[in-house]
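Chains as they are written, first to last, in this note's numbering: chain A, 20 to 669; chain B, 584 to 947.
Take every hint as true, because none was put in to throw you off.
Restricting the straight-line Cα-Cα distance to at most 27 Å, the calculated cross-link-like pairs of lysine-lysine (BS3-like) are:
hint, chain 1, residue 1, chain 2, residue 2
1, A, K203, A, K235
2, A, K138, A, K203
3, B, K781, B, K607
4, B, K614, B, K603
5, B, K781, B, K614
6, A, K324, B, K930
7, A, K495, B, K614
8, B, K817, B, K781
9, B, K860, B, K848
10, A, K164, A, K138
11, B, K645, A, K495
12, B, K930, A, K235
None of these hints come from the bench; they were simulated from the model.
Please read all numbers here as calculations on a predicted model, not as lab measurements.
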Amino acid sequence: MTSQVNSTAEQADGALVGEQRTTGEGGGGKEVRRLDRVIIRFAGDSGDGMQLTGDRFTSETASFGNDLSTLPNFPAEIRAPAGTLPGVSSFQLHFADHDILTPGDAPDVLVAMNPAALKANLADVPRGADIIVNTDEFTKRPMAKVGYAVSPLEDGSLEAYHVHPVPLTTLTIEALKEFGLSRKEAERSKNMFALGLLSWMYHRPTEGTEKFLRAKFAKKPAIAEANVAAFRAGWNFGETTEDFATSYEVAPATTAFPAGTYRNISGNLALSYGLIAAGRQADLPLYLGSYPITPASDILHELSKHKNFGVRTFQAEDEIAGIGAALGAAFGGALAVTTTSGPGVALKSETIGLAVSLELPLLIVDIQRGGPSTGLPTKTEQADLLQAMYGRNGEAPVPIVAPRTPADCFDAALDAARIALTYRTPVFLLSDGYLANGSEPWRIPDVEDLPDLSVQFASGPNHQLADGTEVFWPYKRDEATLARPWAVPGTPGLEHRIGGIEKQDGTGNISYDPANHDFMVRTRQAKIDGIDVPAVETDDLSGEAKVLVLGWGSTYGPITAAVRRVRNAGGHIAQAHLRHLNPLPANLGEVLARYDTVIVPEMNLGQLATLLRAKYLVDARSHTQVSGMPFKAEQLAEVFQEAIKEAVND
Amino acid sequence: MTETIAQGPTQPTALSLVPKAEAKQSMKDFKSDQEVRWCPGCGDYAVLAAVQGFMPELGLAKENIVFVSGIGCSSRFPYYMNTYGMHSIHGRAPSIATGLATSRRDLSVWVVTGDGDALSIGGNHLIHALRRNVNLKILLFNNRIYGLTKGQYSPTSEAGKITKSTPMGSLDAPFNPVSLALGAEASFVARTVDSDRKHLTSVLREAAAHPGTALVEIYQNCNIFNDGAFEVLKDKEKAEEAVIRLEHGQPIRFGALAPDGFGSKGVVRDSVTGDLKVIDVTEEGTGGVLIHDARNPSPTTAFALSRLADPDTLHHTPIGVLRNTERPVYDTLMANQLDAATEQQGKGDLGALLAGNDTWTVVG
Numbered sequence: 020m021t022s023q024v025n026s027t028a029e030q031a032d033g034a035l036v037g038e039q040r041t042t043g044e045g046g047g048g049k050e051v052r053r054l055d056r057v058i059i060r061f062a063g064d065s066g067d068g069m070q071l072t073g074d075r076f077t078s079e080t081a082s083f084g085n086d087l088s089t090l091p092n093f094p095a096e097i098r099a100p101a102g103t104l105p106g107v108s109s110f111q112l113h114f115a116d117h118d119i120l121t122p123g124d125a126p127d128v129l130v131a132m133n134p135a136a137l138k139a140n141l142a143d144v145p146r147g148a149d150i151i152v153n154t155d156e157f158t159k160r161p162m163a164k165v166g167y168a169v170s171p172l173e174d175g176s177l178e179a180y181h182v183h184p185v186p187l188t189t190l191t192i193e194a195l196k197e198f199g200l201s202r203k204e205a206e207r208s209k210n211m212f213a214l215g216l217l218s219w220m221y222h223r224p225t226e227g228t229e230k231f232l233r234a235k236f237a238k239k240p241a242i243a244e245a246n247v248a249a250f251r252a253g254w255n256f257g258e259t260t261e262d263f264a265t266s267y268e269v270a271p272a273t274t275a276f277p278a279g280t281y282r283n284i285s286g287n288l289a290l291s292y293g294l295i296a297a298g299r300q301a302d303l304p305l306y307l308g309s310y311p312i313t314p315a316s317d318i319l320h321e322l323s324k325h326k327n328f329g330v331r332t333f334q335a336e337d338e339i340a341g342i343g344a345a346l347g348a349a350f351g352g353a354l355a356v357t358t359t360s361g362p363g364v365a366l367k368s369e370t371i372g373l374a375v376s377l378e379l380p381l382l383i384v385d386i387q388r389g390g391p392s393t394g395l396p397t398k399t400e401q402a403d404l405l406q407a408m409y410g411r412n413g414e415a416p417v418p419i420v421a422p423r424t425p426a427d428c429f430d431a432a433l434d435a436a437r438i439a440l441t442y443r444t445p446v447f448l449l450s451d452g453y454l455a456n457g458s459e460p461w462r463i464p465d466v467e468d469l470p471d472l473s474v475q476f477a478s479g480p481n482h483q484l485a486d487g488t489e490v491f492w493p494y495k496r497d498e499a500t501l502a503r504p505w506a507v508p509g510t511p512g513l514e515h516r517i518g519g520i521e522k523q524d525g526t527g528n529i530s531y532d533p534a535n536h537d538f539m540v541r542t543r544q545a546k547i548d549g550i551d552v553p554a555v556e557t558d559d560l561s562g563e564a565k566v567l568v569l570g571w572g573s574t575y576g577p578i579t580a581a582v583r584r585v586r587n588a589g590g591h592i593a594q595a596h597l598r599h600l601n602p603l604p605a606n607l608g609e610v611l612a613r614y615d616t617v618i619v620p621e622m623n624l625g626q627l628a629t630l631l632r633a634k635y636l637v638d639a640r641s642h643t644q645v646s647g648m649p650f651k652a653e654q655l656a657e658v659f660q661e662a663i664k665e666a667v668n669d
Numbered sequence: 584m585t586e587t588i589a590q591g592p593t594q595p596t597a598l599s600l601v602p603k604a605e606a607k608q609s610m611k612d613f614k615s616d617q618e619v620r621w622c623p624g625c626g627d628y629a630v631l632a633a634v635q636g637f638m639p640e641l642g643l644a645k646e647n648i649v650f651v652s653g654i655g656c657s658s659r660f661p662y663y664m665n666t667y668g669m670h671s672i673h674g675r676a677p678s679i680a681t682g683l684a685t686s687r688r689d690l691s692v693w694v695v696t697g698d699g700d701a702l703s704i705g706g707n708h709l710i711h712a713l714r715r716n717v718n719l720k721i722l723l724f725n726n727r728i729y730g731l732t733k734g735q736y737s738p739t740s741e742a743g744k745i746t747k748s749t750p751m752g753s754l755d756a757p758f759n760p761v762s763l764a765l766g767a768e769a770s771f772v773a774r775t776v777d778s779d780r781k782h783l784t785s786v787l788r789e790a791a792a793h794p795g796t797a798l799v800e801i802y803q804n805c806n807i808f809n810d811g812a813f814e815v816l817k818d819k820e821k822a823e824e825a826v827i828r829l830e831h832g833q834p835i836r837f838g839a840l841a842p843d844g845f846g847s848k849g850v851v852r853d854s855v856t857g858d859l860k861v862i863d864v865t866e867e868g869t870g871g872v873l874i875h876d877a878r879n880p881s882p883t884t885a886f887a888l889s890r891l892a893d894p895d896t897l898h899h900t901p902i903g904v905l906r907n908t909e910r911p912v913y914d915t916l917m918a919n920q921l922d923a924a925t926e927q928q929g930k931g932d933l934g935a936l937l938a939g940n941d942t943w944t945v946v947g
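Bound-form chain A, shown alone (with noise of 0.2 Å):
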C-alpha cells in the first residue's frame, strides 16, 4: 500500500512465482514453493485469541519486509457466547513480495479454530483453497451450536478445498504436558500452535513472537514458556508432519519500497502519532478531551501513554464533556482535539457548532462506523460524511479531511491541524474502523521533514479607532486567510468576551443587526470556502479513458486495486481521490467535465456523489456498499468494467 505504481501482482492470484525446490537438511526433503503474495485468515471464537494471533503474524511478517495489508474482523460483544457464530472473531493478512492495496478478496489459507469459524468464513473460501481446521473442536455439541448435524469434515461438503485437519487442541496440550498447567491454561495456548504451524508454512521469522511472549508474560514466565512452548510445537509440526508437504516463500518486496526505514502501523495508531507530531510542529501542548467509543478508543489509549510529550488526555463524563473540555482547552492557547464515531458526533453537534462560531482551531476525529444509531460498532462505513457536512444547526461550515490508508493517517492529521490552526476553525479527521483497525507498512518520516505548523498568538491591540486609541478586536481577520486574532487568556491588554451570540464584525460585541448576521454568516462560509487545499491529482495514464473512478478515504485501497485490474485486462479508466472534502479541490469541477463518466464508489448511499452533484451538476454515478466491510476489489473492477462498455458503446 506504499505507493501506486502500476503493477500487475495485484490482480495475480497466489501465483508461482519462480523455481521451486526442496529443503535439504531436517525438513524431510519436502518442497518449497515461492509465491507472490498470500492471503491468510484466522478464524476462531472471541476468546480463542485470534487478533493476537493475528497481530503477530503481521508482525513476522512486516519485520520480513513484504507490503502487507490487514481487515481484523470482531463481533462488538467482548465475549459473545462461546462458539456460536455471532462470536467469531477472524483476523485477514495479505502479504506480497510487491506492493499491494488492500487485505484482499479471498483467503488462501482459512484456519478455522472451530466450526462456528468454519462455518461463518467458509462462503468467503474460494476453492482450492487451503483450510487448516482444529479437529478437537469439530464434536456433537460445538457442531450443534452452529447446525453442522454431521460433520463437514467427513460429509464430502469440503472436498473442493485442502482441507488440513489438526487437532490443535490436543497436540497444544501434549506439548505442554511437562509444564503442570490445567487442561485449560494448556488449552488456551492453541493460537500460539496455530501460530507456530502458519509460521512454517510461510518461512516467517520467529524470534519477534518469542521476545513478544517473554515481554507480554513477563510477570507469569511459566506462561510465557508454555505459550512460546506452543508456538515452537506448532512449527515443529509444520516441519515433521506429512500432511504439510509444502512450505511456502513470499520473498520481501524490495523493489516495492522506497529507500527508508520502515514499520507496521495501524490508523489509529499513526493517527495518534501524527497528533503527537502536530503538537510539536506547532509548539503548542496536545490536549484530548475524549469519551470511549468503538472504534476510536484506542487513540485515546494511546495518547494516554505519552504524558512525557506534555500530552493531556481527559476522559470526560460524556461525548459532550469530551469536546467541552477541547473546546476550553483551545481556548488556552492548546492544539485541542476530541475523538469519536458517528454516535459521539451527533453528541457533540452543539458544541462543533459552538467552535465555528468562536472561531478556535480544535480538531474532531471521527472514526467512521456502521450505522444509523449504534448500528454497527466494529464495522466499517463512511456514511458520516453528510453529518460532518452538515449536521450542525444553522450555516455552520467546517473542513474535513480524510486518510487514504492506514498509514495515511498521520499525514492527514497533520493536515488537519495545519488548517485548524491557519484559519482558527475546528476540522474533521474522517478515519473509519477499516483504517483504523488495520496496518501496513510506513515509511517512517525524518522528524526534521515534517511541516512547520507554528502559530503567532496576538499580543497587543490591532486596531486604531477614530479617535486614534489603539483597541484589541477579536474579530478583525486576517486578510488572506480570514483567520481572527487568536488571543489566549493571560495575555495583558487583550481581555474578550466571547460567545455563541452573534457577534459584531470587527469588535465581537453581541449583535444582532440583520446586516452584520448576513456579512458574518458568509464571512465564515468564505473563510472555510477558502482554504487552502491541493488540487486533485488525476491518474489517467493512457489519457484514453472516458470513465472517471473518484473515491474519498478508505476506499482509496481497493478502488486502486480494481483500476489496476482493469487496466492489465486492457481497459482505460482514469482514478482520482479526494482527501479535502470540504472545501473541494478547486480543479474538480474540471476534472469531472473532462470525462464522460464519473463513478463514485462509496460505503454509504452516495453521500459524496450527492454533494458532486449538487455542486458541479455532474451526473456522478454511485456505486455504493453498506456492508461493515471494505469493497472487494474483483467486484469493483466488474462495476469499472461494465462502465467502460457503456461508455464506449454510447
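Start from chain A and add chain B according to the hints.
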C-alpha cells in the same frame, strides 16, 4: 488563603500559580464597556456588583481571570466583566471550564450558571466537575424559574408551581443544589443570597481561596417571573426564624437572641434517629447544639443540615459555607502525572516514538 493537604508532590493553593496584578485594582477595573442588559430590578445586578467589588481584593492579574458561562439570564455575566470570558452553550460551561483549568493552571477560572443551566441540561457536567475537584469556582444563580425563556418552572421550583408550562402545577420534585453538591462529594459547598452583599462577599472570599471546585449557590430574585421567591429569607423579621447562618466553629443557633447572645433556636442531633432537628434552646439545653464544622471530612452532617430547609417555605434554610474540605485537586494531579512521566521516561522524543521497536530498512 488556606493551607492544603499534600498528596504526593505538593499541591498549590487555589491561586498560587496565578500571576498577581502589578498595580492596585478597583471595582472599575473589572467593569467591561458593555451595557448591562438584565431587567431592571434583577438580582443579577447585585451579584455582578458584589463580584466586581470583590475581585480587586484577590489582586490577580485580570488577564489571568476567566469567566465561563452557559445559557440563561445569569450566563450573560461574562460580557460585563473586564476579564477574559466565554458565553458558551446551555449547560456545558463546567466542561469547557474544566478543559481550560486543567490545561492552564495559571488562570483563575470562574463558572457562572443558573438553576436550569447547571441542574437541568447541565446536571451531568456539574456533578462530574464536583467529583473531580477541578480548580473551578462555580457561581450558581438560583432563582427557581426559567427567566430567559419567559417563565417555565425550573429543577429547583417547588412542586405544584403554576407556570406557563405547568398551568395545573409542576409535577417535579425540586433539587436542593446544596444537597446535590454534597452528594457529589464537592469539597466546597456554600449558599448565599443576592441581597446580602456582605455575606455574599465573605462566601466568595472563602470560595476563591479554596483549592478545587467550589460551588456557591446564590439565591437570586427574578422580579419578573418569580418575584419574592426568597423574601422570607430577606425580610428582617421573617429571616430571623427562617435563616440558619452557619459559621465554622460556632454553635448552630438562630432565631431571636437568647440571653447568651446566640439565637434562641439550635440544631441538635436526634439521639433516636440520628437526624438533625431544630429545638428551642433553654438555658439547660445548650449542650446538645451542634458546633458547625465545615472542615469535617465526612459530608454527612453537612448533608443533614442542607435537608433542614423546607422546600416550599424555605424555613430553616442554612446559609454560609456548609463544607470546606481539602482533597486532591484534579488539575494538580494531572500536572503531576505529566511531570512523573517525564521524569520516568525522559522528555518525549518524537523520532524515537515514530520509529518504535520493530523496524526494517529498505536500501534503494
